[in-house]
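Chain order of the listed sequences is A and B. Residue 1 is where the first sequence starts when you use the numbering used here, and the numbers rise one by one after that. Residue 445 is where the second sequence starts when you use the numbering used here, and the numbers rise one by one after that.
I should point out that these hints are in silico values taken from the structure, not numbers from a laboratory. Hints are supplied without guarantee of correctness; some may be wrong.
Taking lysine to aspartate or glutamate and the EDC-like style, the derived pairs with C-alpha atoms no more than 16 Å apart in a straight line are [said to hold, decoys possible]:
#1 B/K773 <-> A/E22
#2 A/K336 <-> B/E759
#3 A/K281 <-> A/E249
#4 A/K329 <-> B/D802
#5 A/K329 <-> B/E759
#6 B/K773 <-> A/E249
#7 B/K773 <-> A/D337
#8 A/K329 <-> B/D835
#9 B/K780 <-> A/E249
#10 B/K773 <-> A/E332
#11 A/K329 <-> B/E466
#12 B/K499 <-> A/D337
2 protein chains.
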Amino acid sequence: MAGELVSEKLPGYRGTALGILEKARVDIGDQIRIKRNGEVYEGILMPRSELGDDKHIEIKLATGYNIGIHVSPAIKIEKIGKGTKPTFTQPPIPKAKPGLPKVSIISTGGTIASRVDYRTGAVRPALSASDLYAVVPELSDVAVIKAEILFSILSENMTPKYWTETAKTVARHIAEGAQGVVVAHGTDTMHYTAAALSFALQNLPVPVLLVGSQRSSDRPSSDAALNLLYSVTAAANAPFAEVTLAFRETIADKCIVLHRGTKVRKCHTSRRDTFKSINAKPLARIEEGKVLMLTEDYRRRDPKRKLIPKPNFEEKVGLVKVHPGFNPKIIEWLVKDEYHGIILEGTGLGHVSAAAFDAIKLAVKKNMFVGMTSQCLWGRVDMKVYETGRDLMAIGVVPLGDMLPETALVKLMWAYGQTKSLDEVKRLMLSNIAGEISSRTHFE
Amino acid sequence: MAGELVSEKLPGYRGTALGILEKARVDIGDQIRIKRNGEVYEGILMPRSELGDDKHIEIKLATGYNIGIHVSPAIKIEKIGKGTKPTFTQPPIPKAKPGLPKVSIISTGGTIASRVDYRTGAVRPALSASDLYAVVPELSDVAVIKAEILFSILSENMTPKYWTETAKTVARHIAEGAQGVVVAHGTDTMHYTAAALSFALQNLPVPVLLVGSQRSSDRPSSDAALNLLYSVTAAANAPFAEVTLAFRETIADKCIVLHRGTKVRKCHTSRRDTFKSINAKPLARIEEGKVLMLTEDYRRRDPKRKLIPKPNFEEKVGLVKVHPGFNPKIIEWLVKDEYHGIILEGTGLGHVSAAAFDAIKLAVKKNMFVGMTSQCLWGRVDMKVYETGRDLMAIGVVPLGDMLPETALVKLMWAYGQTKSLDEVKRLMLSNIAGEISSRTHFE
Numbered sequence: 001m002a003g004e005l006v007s008e009k010l011p012g013y014r015g016t017a018l019g020i021l022e023k024a025r026v027d028i029g030d031q032i033r034i035k036r037n038g039e040v041y042e043g044i045l046m047p048r049s050e051l052g053d054d055k056h057i058e059i060k061l062a063t064g065y066n067i068g069i070h071v072s073p074a075i076k077i078e079k080i081g082k083g084t085k086p087t088f089t090q091p092p093i094p095k096a097k098p099g100l101p102k103v104s105i106i107s108t109g110g111t112i113a114s115r116v117d118y119r120t121g122a123v124r125p126a127l128s129a130s131d132l133y134a135v136v137p138e139l140s141d142v143a144v145i146k147a148e149i150l151f152s153i154l155s156e157n158m159t160p161k162y163w164t165e166t167a168k169t170v171a172r173h174i175a176e177g178a179q180g181v182v183v184a185h186g187t188d189t190m191h192y193t194a195a196a197l198s199f200a201l202q203n204l205p206v207p208v209l210l211v212g213s214q215r216s217s218d219r220p221s222s223d224a225a226l227n228l229l230y231s232v233t234a235a236a237n238a239p240f241a242e243v244t245l246a247f248r249e250t251i252a253d254k255c256i257v258l259h260r261g262t263k264v265r266k267c268h269t270s271r272r273d274t275f276k277s278i279n280a281k282p283l284a285r286i287e288e289g290k291v292l293m294l295t296e297d298y299r300r301r302d303p304k305r306k307l308i309p310k311p312n313f314e315e316k317v318g319l320v321k322v323h324p325g326f327n328p329k330i331i332e333w334l335v336k337d338e339y340h341g342i343i344l345e346g347t348g349l350g351h352v353s354a355a356a357f358d359a360i361k362l363a364v365k366k367n368m369f370v371g372m373t374s375q376c377l378w379g380r381v382d383m384k385v386y387e388t389g390r391d392l393m394a395i396g397v398v399p400l401g402d403m404l405p406e407t408a409l410v411k412l413m414w415a416y417g418q419t420k421s422l423d424e425v426k427r428l429m430l431s432n433i434a435g436e437i438s439s440r441t442h443f444e
Numbered sequence: 445m446a447g448e449l450v451s452e453k454l455p456g457y458r459g460t461a462l463g464i465l466e467k468a469r470v471d472i473g474d475q476i477r478i479k480r481n482g483e484v485y486e487g488i489l490m491p492r493s494e495l496g497d498d499k500h501i502e503i504k505l506a507t508g509y510n511i512g513i514h515v516s517p518a519i520k521i522e523k524i525g526k527g528t529k530p531t532f533t534q535p536p537i538p539k540a541k542p543g544l545p546k547v548s549i550i551s552t553g554g555t556i557a558s559r560v561d562y563r564t565g566a567v568r569p570a571l572s573a574s575d576l577y578a579v580v581p582e583l584s585d586v587a588v589i590k591a592e593i594l595f596s597i598l599s600e601n602m603t604p605k606y607w608t609e610t611a612k613t614v615a616r617h618i619a620e621g622a623q624g625v626v627v628a629h630g631t632d633t634m635h636y637t638a639a640a641l642s643f644a645l646q647n648l649p650v651p652v653l654l655v656g657s658q659r660s661s662d663r664p665s666s667d668a669a670l671n672l673l674y675s676v677t678a679a680a681n682a683p684f685a686e687v688t689l690a691f692r693e694t695i696a697d698k699c700i701v702l703h704r705g706t707k708v709r710k711c712h713t714s715r716r717d718t719f720k721s722i723n724a725k726p727l728a729r730i731e732e733g734k735v736l737m738l739t740e741d742y743r744r745r746d747p748k749r750k751l752i753p754k755p756n757f758e759e760k761v762g763l764v765k766v767h768p769g770f771n772p773k774i775i776e777w778l779v780k781d782e783y784h785g786i787i788l789e790g791t792g793l794g795h796v797s798a799a800a801f802d803a804i805k806l807a808v809k810k811n812m813f814v815g816m817t818s819q820c821l822w823g824r825v826d827m828k829v830y831e832t833g834r835d836l837m838a839i840g841v842v843p844l845g846d847m848l849p850e851t852a853l854v855k856l857m858w859a860y861g862q863t864k865s866l867d868e869v870k871r872l873m874l875s876n877i878a879g880e881i882s883s884r885t886h887f888e
């Protein structure tokens, strides 16, 4: 969308919406009638005073309320009168108060970043501190912000190479004095990145929070502003020094919870409280701007602690979810393609069909690490209860406790990024490095 | 374990426990002392009056309570006195009361069937109606039972071929007059089989219930008896005619819920309330022996309706869960191996990395059905919201609403079992055949 034209006459409009308004020869302030799918709206055409997409037209109804109308292809617009032209003035941008904690915001893309990309309808590829203060003025009361756009990618396109870059960038900001770091990220794979940073940022001195938004900014239900404000608050003040993922606790707009980066999963395609801690309690809750720790068992903030970045990941690690009719040839293919290791997403307590035993034996014989997790997600694998589990352990499959399959995958990529020794990989996979293995499990 | 010796002198004991007792030269009724891992137990050696494994020895403590002691290798047993020999008489086996509804129990294996396999410690490969009445006497008040052992396999070894056999057997029992059918099944893949039967048994006249148990019978927390009794109750009396999965609602021993076969998933490795309805409410609850429907939206029981079995499945259908670092070659392999179709388990609203677009194009070009579900599990895919979804739809990927990935996989295997026409497969995949697609989603 870079280079897209922005209208002087129709401030805030661009793309599709701008085209339709220009064609209808209407101006800001005109009384207009919009017909769409049999519905009729009448009101005064407003400038777009908020960050938004190019798919909505905003009018002020006779009731005084503004509404955004989606521009479907069948939309019809006519001028029915000329009104007084409303003016839109940018509110004054507050400045950060000196003496506040320094917080870095690193943007990787996603819905939360797109909100701050587009100000007043114009395309804004830069995410500057003043942009952020303008959008969420309360930020200036909380922290002195340093902002960096690292990437501008959709999170479904994230790869381990981007994790490496993100980890290095977080480390640099901490080295430069950040007292907390917020990473803006698309929600699709935010939990994978949270796990990746949990392993890559060892001996962390300050909090690192990943934050995203499920709703884009032009929707009244957008969760972007509060998610960002509360993440910065926690980055500035929270007493922990771990990698967490910040998201709404419930669909009510009150609390943000901080999930441990290795124990969190996206559990709904669209809800604002989509992220859930699995087999663990969240680390903290932020309510009315205050951070409340939910456990005593966490790494304390200590600015004197020296961060040890271990940002490398090995991509050739497979995730295999088994099911009735699963073809063991898929495992053979991974062996043939010289994969380093496989995480099995087994059934129940950690089982796969006996039909796959030979393929797994082959993988073990080729010196691959084969770890077991459960597609149940909740609970822990226990391969001693049934014959199938005992057989798999005898073959050499390593049970991975209550680690989530996604976390186990990321951890195995990380482990092979540190060493090529199978013994050392095994040792790392069975060590609790960032809270990924818990001794008891919580079911919520 | 077939052919294992059973002791006349030590009734109910076999295998490991029998060997240890024989070596210690103790008899039923003897006062014995058991030392194990520093613990000491004293009591009277009891016959095993219940179905059990070969790993426990039962003694009556001075308090009057019986306990089962696990026979670890380090166990030591000595006789410390001779008591009066307690007698164990088999309680009279009740007979079914004539006039009750006819219910068939078809056993495929798993923990719940193993309970009724072993009576009084002896190996009993036959699951007869009288066995069942002996174990759960209340059954004789509820139904006239016809029992059939179809397989004796662990559910992780289930394949689509077994689904076909199970569907045919259920159909035969219904043709022979069963007013309800209970299928005993291991829990690991019970939800896959529930989905399979939901599609295979069209125009069902009576209820079909899959039931299993998370705890084996020798554990005091076993859920086998109540699960079985309540399933038979529902099979005999419930007003619906659908395929459901019966399991505990909570960890308290009170209620059984019946989940729709296409909307249920195993969500905990070990808890007794492991099965959860996803994107749907359960169909019914059984409390104190009464069936309470939880929705009005269900197919009514109608014994005059004619069942249409469609039991065929095509195994060459793949389930592909994507993740950062996912290798698109995996999709190319499935194309090369002449798979018929693929269910993608995408991220968020139904996305995969742009790096996989070419491989997906190849699959579509080869006339494969490619359907999209979400690894979030809850919610529905919506591929119109973001660019990635729209691109994937343009390539030819079909969004599958709020269908669970596992259900979509089973349904695609079933669809290709009915037809090889891609158009007809598409039509089937987008038709709501057994409640697998709902217009609204429920989040719990």
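Comparing the hints with the structure gives:
Distance check on the hinted pair: B/K773 and A/E22 sit about 47 Å apart at the alpha-carbon level, beyond 16 Å; violated. For a cut-off of 16 Å, the pair hint linking A/K336 to B/E759 is broken: about 23 Å separates their Cα positions. Distance check on the hinted pair: A/K281 and A/E249 sit about 12 Å apart at the alpha-carbon level, within 16 Å; holds. In summary, the hint linking A/K329 to B/D802 is not supported, as the alpha carbons are separated by about 22 Å, beyond the 16 Å threshold.
A hinted pair counts as satisfied when its Cα atoms are at most 16 Å apart, and A/K329 with B/E759 qualifies at roughly 13 Å. Annotation: proposed proximity of B/K773 to A/E249 is violated, straight-line Cα distance about 38 Å (limit 16 Å). For the hint pairing B/K773 with A/D337, the CA-to-CA distance comes to about 10 Å; that is within 16 Å, so the pair holds. With a C-alpha separation of about 30 Å, the suggested pairing of A/K329 with B/D835 is violated against the 16 Å cut-off.
The suggested pairing of B/K780 with A/E249 is violated, with an alpha-carbon distance near 45 Å, which exceeds 16 Å. Pair hint B/K773 plus A/E332 holds up; C-alpha atoms about 13 Å apart against a cutoff of 16 Å. Between A/K329 and B/E466 the alpha-carbon distance is near 48 Å, which puts this suggested pair outside the 16 Å criterion. Of the supplied pair hints, the one linking B/K499 and A/D337 is violated, its CA atoms being roughly 44 Å apart against a limit of 16 Å.
Hint compliance for this structure: hints 1, 2, 4, 6, 8, 9, 11 and 12 are broken, all remaining hints hold.
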